[in-house]
Each structure stands twice: as C-alpha cells, then as structure tokens.
Amino acid sequence: YLSTKTVYRPTVHPFASVLCHAWEETDWNLDVNAKAGINIRSPYTEKRAIQIFGEYFHGNLPFGQFYKLRAEYYGAGINVSF
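Using my numbering, the first residue of the sequence shown is number 54, and each one after it goes up by one.
One should not assume that every hint holds.
[Claimed, not checked] Here are the computed lysine-lysine pairs in the PhoX-like style, where the Cα-Cα straight-line distance is at most 25 Å:
(1) K100 with K88
(2) K100 with K121
(3) K121 with K88
[What the hints assert, rightly or not] Ranges of calculated distance between the beta carbons of each label pair, as one might list FRET restraints:
(4) E99 with A124: 32 to 38 Å
(5) A124 with P96: 38 to 44 Å
(6) P67 with G128: 39 to 45 Å
(7) R123 with R62: 38 to 44 Å
(8) P115 with Y54: 19 to 25 Å
Hints are computed from structural coordinates only; laboratory data are not their basis.
Keep in mind it's a predicted model, so treat the numbers as computed, not measured.
Just so you know, even glycine gets a beta-carbon here, dropped at the ideal spot from N, CA and C.
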C-alpha cells in the first residue's frame, strides 16, 4: 500500500506491504514478510525513488537446500529505484 497523503514534503509517502505464502514442500507452513517505511520519489520523474523501511520475516528460509529451516528476523533496508 502506498499512501496518497504526503509526509513532510510532497514527494514523501508512507508505504506498507505484507507477503504471505505457503508451499507444499514445507508442509504448507505459512511464510510472512512485512515491510513498512517511507517512499521518497523524485520530483522530476516518478520512476526514480528511494525507499527506507523496516522489515519482519517469519517462515521457511527461501535459500535452495535450506528451505526446510525456519527463521525469524527483523531488519532495516534502503531500496533505490532508477
């Protein structure tokens, strides 16, 4: 979800997302990934943006041979889109 209301300046918008999925290979255990933060877009072109966010994950690791291992973590990140 990307809010249409601005925060601080006209180019700064809050956002939130949740991804849930389950796979047969992991006995249909639910994997949850949630992110929330701010999206700072360029005033000149809408395709350029920077996202600063916090992240939470709980579920099976998505890494090949380790997909049966469960994990839970919190994190912070920056995403740059050109």
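Pairwise hint evaluation, K88 against K100, where the allowed Cα distance is 25 Å at most
holds (20 Å)
That 32 to 38 Å hint for E99 and A124 (C-beta), does it hold up?
Since E99 and A124 have Cβ atoms about 35 Å apart, the given range 32 to 38 Å holds.
Is 39 to 45 Å a correct range for the gap between the Cβ atoms of P67 and G128?
violated (18 Å)
How does the Cβ-Cβ distance of A124 and P96 compare with 38 to 44 Å: does it lie in that range?
This hint holds: roughly 39 Å between Cβ atoms.
Taking 25 Å as the top limit, are the C-alpha atoms of K121 and K88 close enough?
Holds, at roughly 23 Å.
Looking only at beta-carbon atoms, does the pair R123, R62 fall within the given range of 38 to 44 Å?
holds (41 Å)
Does the alpha-carbon distance linking K100 and K121 stay inside the 25 Å limit?
violated (37 Å)
Is the hinted range of 19 to 25 Å satisfied by the C-beta distance from P115 to Y54?
Holds, at about 23 Å.
Checked against the numbered hints listed earlier, the structure breaks hints 2, 6; every other hint is satisfied.
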